[in-house]
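Participant: Those protein sequence lines, which keep their order, are chains A and B. Residues in the first sequence are numbered from 0 upward in steps of one, following numbering that gives the first Met the number 0. Residues in the second sequence are numbered from 0 upward in steps of one, following numbering that gives the first Met the number 0.
Check the hints yourself; a few may be wrong.
Identical copies go unnamed one by one, so any copy, or any two together, can satisfy a pair.
As the list claims (entries may be wrong) - Derived lysine to any residue pairs resembling SDA-like cross-links, with alpha carbons at most 25 Å apart:
id : residue 1 : residue 2
1  : K184      : L87
2  : K184      : P221
3  : K184      : N88
4  : K184      : G202
5  : K184      : R201
These aren't lab readings, by the way, just hints derived from the structure by calculation.
Number of protein chains: 2
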Amino acid sequence: MRLLVVGSVAFDAVRTPRGAVERMIGGSATYFSVAASYFTEVRVVAVVGDDFGDEHHQVFAERGVCTEGLERVPGKTFFWSGEYSADLNERRTLATDLNVFGNFEPKLPPHYRQTPYLFLGNIDPELQSRVHRQMENPQLVAGDTMNLWIESRRAQLEETLRKIGILIINDSEARLLSGEHNLVKAARAIRAMGPQTAVIKRGDNGATLFRDGEIFSVPALPLEEVHDPTGAGDSFAGGFMGYLAAHLNPGTALDPDVLRPAIVFGSVMGSFAVERFGLERLRRLTRAEIDARYDEFRRLTRFE
Amino acid sequence: MRLLVVGSVAFDAVRTPRGAVERMIGGSATYFSVAASYFTEVRVVAVVGDDFGDEHHQVFAERGVCTEGLERVPGKTFFWSGEYSADLNERRTLATDLNVFGNFEPKLPPHYRQTPYLFLGNIDPELQSRVHRQMENPQLVAGDTMNLWIESRRAQLEETLRKIGILIINDSEARLLSGEHNLVKAARAIRAMGPQTAVIKRGDNGATLFRDGEIFSVPALPLEEVHDPTGAGDSFAGGFMGYLAAHLNPGTALDPDVLRPAIVFGSVMGSFAVERFGLERLRRLTRAEIDARYDEFRRLTRFE
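Build out the structure end to end from the sequences listed, making use of the hints.
Facilitator: Okay, structure coming up:
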């Protein structure tokens, strides 16, 4: 089944202990759609400026991602610059130039409106709601958010949360959103705001899924070399949603036998994302490599 | 098979966000032996003062732990006092009064010397070595250490490490000992110091086992209420070693089909330890409760 994502398409400048890149394509919708494209057909809704060239379009085209919803307007593409600490656990934002993203007014091409799976990437919750309003009864809506919106756009975010079935956020965001440090309590508080399912990403400590009466945890794959953590969370969400879109039965409730592998495939895509800078590794995968890594997670976690 | 532990037996004063206890029995050898006692016969080597009464001996006696190696001398028992931060992630030591432990010279009762399984709890590595020298060819030696010894007794610690088959330490200690932040590299560096197997405890992020060509990770059980993290790591080690002592085949190499459940039973015992203050929960378990929690770990982690 088709999967629609709205989010940012950006140029990133990234500095990590393993090196630095001055300008490369990034953004939440980019990582998400490339990761999801290995599992299902993806449509992207975002905006770029006139500095966004054919070689950048190519990142979507080569993965078969539909870019009819990728609006191109005069001006410069959203630019983000950040730097990671020596242990990669802290990220400092050096620049956030919204550019054309500052006036982004998402408009869905008419044939996008019936897409059954929707992912509301990490943008202003007001924009997330506007995208949702243009959809015709999607089968499953998932979303992400961040500290900025939790702190500055609480009311709009709460409205968006009432429309979301699965919220996929990291642990510090879950704590900020819920006011609870303990993640079991945080997940319960978040689920009371709307989403029936909360997926909490914990970086190199793995990910945990919380539903009614069910908790599922998967550790992260221990990696010896992490080049660039940028986009790992969006790649996780892309792998997770891509797998769900490909394997859930239409019209039925969320099936644990699909949700659990989806969390693992999300972890697989996140683990690939961090192995090289930007999308370098993620865009050149084969399905065989993805399945082999899934088996690595199996060997990592299996006990009798 | 029998299991011998050397470590501290202490009185603890603990303050956590859930309450405070002014004086209760604690110490690494106490948590370890109570946890291990649910799996195998345990012998404890430690020293206490004349303030250590029958009700404290009872903690060992009721679990069938042999205390012939628990020396009693004039003076006061080792006393430790600590306080946890609101999120339980930071621990501040308020007092460490070695008391009788300051002159501890471990002497093994003769019939202890042939115990096949040995755990060198977190004490001065020089004392760990002296205990090891009194043993007659133990089948498996595991040990723990801490920042204090890594920083102040490096040479002695390296000598101890050459005698240890399995080192069980937490992530910050692994990083300090190896000088590597990345845990894959840290484990490799530690294994080059002697132990063929490294088990890295990661608190509420679970535990990871590193061996030649094998990595196994188990997440922590998400707990809603943590009363007191004191002793969780020692209880983990006790559950782990207790299970190994009960299930490994004498004279054979470490079997992954025994090591992996041992890591999970270690996690089970750690999860019980933190549910109440001190040994309150740990000392009153049934084997059925332990097995039920093992099944919870199965449900938490299983995917197809």
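Participant: Can you name, in rising order, the numbers of the hints this structure does not satisfy?
Facilitator: Failing hints: none at all.
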